[in-house]
Amino acid sequence: MTAVGELELDLDAFEGPFDLLLTLLLKEELEPAEIDMAAIVVAFVERLAERDELDLEACGEFLVLIAALLELKARALFPDEEAELAELEPEEAAEELARRLAEYRRMKEAAGWLAERLAGERDRYFRVGPAPIAPRPERRLAPQDPQQLAASLRLLAEPPPQVSLAHMSLRFPPVSQFLERFRAVLRRRRRFDFDAEVGSLSRVDQAVAFLALLELRKAGEIALEQVSPFSPIRVSRPAARPWSATAPSGQSPAPPPPDAADGTPADGPYSHTVPPAYAPPAAPQERADERGQETRNPSERNSEWIARSA
Amino acid sequence: MDRPLRLITANPVDQLARTLEALLVVASAPLSIEELAQAANDDPERIALALGLLSDRFREGRSGIVLEHVAGGYAYRASREAAEACGRLFERPVERGLSQAALETLSIVAYLGPCSRPEVARIRGVAADSAVAGLLERGLIAEAGRDDGAGGAVRYRTTPLFERVFGLESAAALPRLDDLGETAADIRERLHSVAVGKTA
Numbered sequence: 001m002t003a004v005g006e007l008e009l010d011l012d013a014f015e016g017p018f019d020l021l022l023t024l025l026l027k028e029e030l031e032p033a034e035i036d037m038a039a040i041v042v043a044f045v046e047r048l049a050e051r052d053e054l055d056l057e058a059c060g061e062f063l064v065l066i067a068a069l070l071e072l073k074a075r076a077l078f079p080d081e082e083a084e085l086a087e088l089e090p091e092e093a094a095e096e097l098a099r100r101l102a103e104y105r106r107m108k109e110a111a112g113w114l115a116e117r118l119a120g121e122r123d124r125y126f127r128v129g130p131a132p133i134a135p136r137p138e139r140r141l142a143p144q145d146p147q148q149l150a151a152s153l154r155l156l157a158e159p160p161p162q163v164s165l166a167h168m169s170l171r172f173p174p175v176s177q178f179l180e181r182f183r184a185v186l187r188r189r190r191r192f193d194f195d196a197e198v199g200s201l202s203r204v205d206q207a208v209a210f211l212a213l214l215e216l217r218k219a220g221e222i223a224l225e226q227v228s229p230f231s232p233i234r235v236s237r238p239a240a241r242p243w244s245a246t247a248p249s250g251q252s253p254a255p256p257p258p259d260a261a262d263g264t265p266a267d268g269p270y271s272h273t274v275p276p277a278y279a280p281p282a283a284p285q286e287r288a289d290e291r292g293q294e295t296r297n298p299s300e301r302n303s304e305w306i307a308r309s310a
Numbered sequence: 311m312d313r314p315l316r317l318i319t320a321n322p323v324d325q326l327a328r329t330l331e332a333l334l335v336v337a338s339a340p341l342s343i344e345e346l347a348q349a350a351n352d353d354p355e356r357i358a359l360a361l362g363l364l365s366d367r368f369r370e371g372r373s374g375i376v377l378e379h380v381a382g383g384y385a386y387r388a389s390r391e392a393a394e395a396c397g398r399l400f401e402r403p404v405e406r407g408l409s410q411a412a413l414e415t416l417s418i419v420a421y422l423g424p425c426s427r428p429e430v431a432r433i434r435g436v437a438a439d440s441a442v443a444g445l446l447e448r449g450l451i452a453e454a455g456r457d458d459g460a461g462g463a464v465r466y467r468t469t470p471l472f473e474r475v476f477g478l479e480s481a482a483a484l485p486r487l488d489d490l491g492e493t494a495a496d497i498r499e500r501l502h503s504v505a506v507g508k509t510a
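Residue numbers (the working numbering), protein chains in the order written: chain A, 1 to 310; chain B, 311 to 510.
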């Protein structure tokens with residue numbers, strides 16, 4: 001690799017001696033596809049012309065190298081078949097080439113035959129139209145009674161029953177209505193039973209009444225008692241109201257004041273107070289859970305409802 | 311040649327032949343014996359017999375309408391002697407401008423089909439997209455499923471119209487590939503002789 005290797009190249013993708021180009025290509029630092037092979041040949045031929053003598057050895061070397069480069073480039077242009085073809089021995093590759101040529105040759109001959117055939121059939125005229133509409137399969141019906149048809153029609157002709165939309169317009173009575181009512185009841189009586197008082201009302205009314213009850217309890221106007229969950233709620237006048245005067249009447253949950261009336265620590269604004277004597281024989285853990293459920297979640301929702309109905 | 315059947319005027323086959331005539335004149339594509347048998351509500355063997363009768367009645371030199379066995383069925387066409395007159399009024403648009411590439415693609419699909427565009431490209435060595443599109447538009451080939459595997463290429467096959475345009479009774483009427491020109495062995499020999507000539 002003397003004369004050829006020192007051949008200086010000035011290509012778009014590479015500038016330097018031919019030797020270096022080969023090294024870079026073999027190290028795969030250059031893509032063969034980027035190299036203009038024709039430019040290399042031109043450079044070599046120009047060099048030959050300058051020398052004015054035919055160096056057969058250099059020419060031979062150059063031919064071998066440029067052929068190898070061309071093969072590299074050609075393979076890179078067909079990446080899919082590269083692996084397949086690269087594995088082939090030269091004899092196998094020649095065989096494959098011959099097979100493909102033969103295949104194409106046969107198809108070319110077949111195309112020639114078709115062209116001849118077409119020319120021969122040029123005077124055959126025939127109708128080409130859209131495909132005829134296929135007859136629809138006949139649908140057989142069971143024997144029908146006209147009276148039955150009339151009855152079916154009559155059924156359809158009847159106006160549909162009026163659909164009640166009553167449930168769509170759910171109306172909440174104002175909480176204030178129940179506030180007044182409970183205050184009035186407590187003016188007459190020391191205590192009353194909540195369930196007995198609202199038992200005759202609708203579900204929605206009962207719910208609003210309960211909100212009113214909570215509101216009154218929050219303001220300290222009443223005291224609530226419930227022996228156990230789901231047992232009747234007893235409403236009574238409070239024994240003492242040390243904090244009622246300062247309690248805000250708004251919706252924000254008031255700070256839990258010490259409930260001096262029954263001597264038990266208050267758990268929250270809406271908690272039911274349970275005298276120690278009536279304490280159910282439940283584990284402390286269970287009690288805490290149950291209390292949490294009854295106080296926390298409804299309190300959030302209740303304050304929202306109050307805000308809306310106010 | 312008069313068949314003995316035609317001598318009997320009230321022959322039931324003659325009556326069947328008239329029914330087939332009517333069906334064939336309405337049809338725009340070749341009708342198979344099975345289709346004719348179903349429409350005429352008759353036996354396929356008697357249909358074949360009646361078609362023989364009609365083929366004799368409608369043949370070149372005897373009638374302007376010719377009954378031909380084409381594309382797996384039977385169809386009427388104009389007689390060849392009327393081709394010139396037909397050509398003044400009608401054209402055969404299907405074959406106008408069928409390029410060499412289109413014909414090669416068509417023969418690959420006809421012989422190796424159903425086959426996909428990549429297969430055609432592999433044999434011809436160049437992309438077959440426009441040739442396939444042109445043949446599809448002419449109705450000479452049609453889609454026929456996909457290659458196996460996910461995202462397989464669309465496969466194509468020739469249509470009955472292809473057989474009709476080229477006057478083939480069926481796809482089997484194509485000549486055997488072996489009868490057409492060089493085989494792989496011939497080419498190998500030629501390659502070998504070139505190689506020997508070079509080294510010599």
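In short, the hints are calculated from the structure, not lab data. Values in this document were obtained by computation on a predicted structure and should not be read as measured data. Please note: incorrect hints may appear among the correct ones.
[Claimed, not checked] Computed list of chain B residues with no C-beta within reach of chain A, every gap over 10 Å: (1) N351; (2) R369; (3) A393.
[Claimed, not checked] Covered by chain A, per the in silico footprint, the following chain B stretches (three or more residues, Cβ under 8 Å): (4) 322–334; (5) 354–368; (6) 384–392; (7) 462–475.
Where is the CB? At the ideal position from N, CA and C, for every residue including glycine.
So, going through the hints one by one against the coordinates:
| no. | hint | in the structure |
| --- | --- | --- |
| 1 | N351 | 13 Å, holds |
| 2 | R369 | 14 Å, holds |
| 3 | A393 | 3 Å, violated |
| 4 | 322–334 | violated (count 0) |
| 5 | 354–368 | violated (count 0) |
| 6 | 384–392 | holds (count 6) |
| 7 | 462–475 | holds (count 3) |
The structure fails hints 3, 4 and 5 (numbered hints given earlier, in ascending order).
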